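Peer 1: So the sequence lines, in the order shown, correspond to chains P and R.
Residue numbers for the first sequence, in numbering that gives the first Met the number 0: 0 to 312.
Residue numbers for the second sequence, in numbering that gives the first Met the number 0: 0 to 326.
Among the hints, a few may not be true.
Restricting the straight-line Cα-Cα distance to at most 27 Å, the calculated cross-link-like pairs of lysine-lysine (BS3-like) are [unchecked claim]:
{"#": "1", "chain 1": "R", "residue 1": "LYS262", "chain 2": "R", "residue 2": "LYS74"}
{"#": "2", "chain 1": "R", "residue 1": "LYS216", "chain 2": "P", "residue 2": "LYS199"}
{"#": "3", "chain 1": "P", "residue 1": "LYS199", "chain 2": "P", "residue 2": "LYS222"}
{"#": "4", "chain 1": "R", "residue 1": "LYS262", "chain 2": "P", "residue 2": "LYS43"}
A few chain R residues that don't get close to chain P, going by computed Cβ distances all over 10 Å [claimed, not checked]:
{"#": "5", "residue": "ARG101"}
{"#": "6", "residue": "PRO141"}
{"#": "7", "residue": "VAL156"}
Read the hints as simulated data drawn from the structure, not as lab findings.
Values in this document were obtained by computation on a predicted structure and should not be read as measured data.
Using N, Cα and C, we set each Cβ at its ideal position, and we do this for glycine too.
If you want the building blocks of each chain, they are given just below.
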Amino acid sequence: MTASDVSQEVVTQATGKVDAPVTESWRSRRRQRRAEAAADRLSKPAASTIAIVIAVLWSIPTLGLFVTSFRTVDDIQSSGWWTAITNPLFSQYNYQAALVDSGLASNFVNSFVITLPAVLIPITLALLAAYAFAWIPFRGRNTLFVAVFALQIVPIQVTLVPLLSLYVDVGVAGSFWTVWLSHSMFALPLAIFLLHNFMKDVPPSLVEAARMDGAGHVTIFFKVLFPLLVPAIAAFGVFQFLWVWNDLLVALTFASNDATPLTAAVADLAGTRGNAWYLLSAGAFITMVVPLVVFVSLQRFFVRGLLAGSVKG
Amino acid sequence: MDWLLDAETTAHKLALMVLAIALFALVMGGILFAVDKPKRVPQWVVVLGFLGPPILLLLLGLVYPAIGTLVNSFKNNDGSEFVGVDNYAAVFSNSELLIVLRNTVLWVVLVPLVATTFGMVYAYLVDRTRFENLAKALVFLPMAISGVAAGIIWQFVYEYRPEGQNQIGLLNQVLVWLGAEPRQFLLNAPQNTFFIIAVMIWINAGFAMTVLSASIKAIPDDVTEAARLDGVSGFGMFRYVTVPSIRPALVVVLTTVAISTLKVFDIVYTMTGGQFSTSVIANEFYSQTFRQFNQGLGAALAVLLFILVVPIIAYNVRQLRLSEEIR
């Protein structure tokens, strides 16, 4: 299934709770509409062409750097990447230079080590909080939820300096722990809000039935809600993964040399070796490969999260 | 203790990561196990078990530091004494910082407007055409790319070689093909800001397109059919049917893009480092705080960022309320 299918599905789920009787006439109307849509498709060659041309233009900058990352150092400096079509000479030297000589391989490990806990921890915490906000009645629940929701507006820039001094005082500054903790804290407001939205959509009768059977909150959470929420969790998971993996600000502020992730290392290369395109092109693609794979393979979840987050919120 | 803080080898780092996850799982498991006795544990203990850890982290990670920064913004550069509103006065009077403010305004006006307009037109254009999915995927793809990588991709597009040499940047090559002189796109103010803004538009247009495409597809067929029977077509359909129908989604997209544009840091940091009069508030905050150690000024810039976000979100919430009332 593709992104647009899912977005369509999500929107119909969200907007039209259509339960009209499926009559013959409705069916034939739908068939007719399909036919019209197909006719539409064929009658819009101009639109199709423009759309494809723009999409190709959109991809050319990325393609250019990608081609460059496989060209030889001399070729990159002496001719444009588009000449590679007539003069194809490719090598993987740039990637070797970036990964080994510039040490991006160890930054790759750091990115991975940072990202996994920084995705798992906020999702778990947010699930619990979202559950409490959705299914445990207590005094002040709505006020507290609004307060958590409102925290989304705090830009992380506002938090960095006091947090850093706190980490220094405790003696953990520069370690992976501070990066994990910071990413988890910053993710919570949006995560709680999104997962709460999804959790509220679970029919109350399911939860009530489990409660009647004497199930406690933890049992209800794991046995009833969790399986239903897997797509929502995946949606936020992709979101948070891209955010953490691509983050630069938190990394620059909190991670010390041994914990520097790819983004910060490559940004540093761009600052110090601005003309070394063989390194920068390979470095850029080393940072991009994992998010691109995740993005392309989990795009439908990502789109669902995006729509839930922006349209509902 | 050192073993926990300084990991240098890959195995060590991975071990640390597994330890962190295990430790977290253990603590959370313990808390949940303790509160999962429905009849014997009072309600508030259960609530505390579920909400305690996240609320604690929110207080520690957002509320406490935000207050700290607010206080810092009224102190001098090493935080030793109060200086009143001097830092804010500096932001609005120092000529370099005024350029930063001007750039930020340009970013926040241009990126949402252009990205959303483009996304909307593109979503309308591509709707129900052949290759729709492929075309949308290609435009959406930059969303997965970090600001750092996007910055490098576009720096290469803008790369300059003096006239007479082979150009290696695509844009200058196009200029040469057209018979013009190659230009230093990123060095000459004030137009260099626009070339960096283009990168943010390149990233966000895909977001706008995806959300708007979904709401265009959600317009009931009856509406478009009725309009068609009334003789509306082509641009009229877009102007009088499509745009009003997706208005709530438009507001959300505009405000979401505006907020992420306000906080943009990595693109500017990678492409120019804020030099050549291209800095914006989020980038200036970083260089004032961590490069020039002007903590007070940095804090004031951060607070300013916060203040600028509030009206955008307030507008968004208000519009949502309105559209819900209409429904």
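Peer 1: For every hint, state whether the structure bears it out.
Peer 2: Evaluated hints:
no.	hint	verdict
1	LYS262(R) - LYS74(R)	holds, 23 Å
2	LYS216(R) - LYS199(P)	holds, 25 Å
3	LYS199(P) - LYS222(P)	holds, 16 Å
4	LYS262(R) - LYS43(P)	violated, 39 Å
5	ARG101	holds, 19 Å
6	PRO141	violated, 7 Å
7	VAL156	violated, 5 Å
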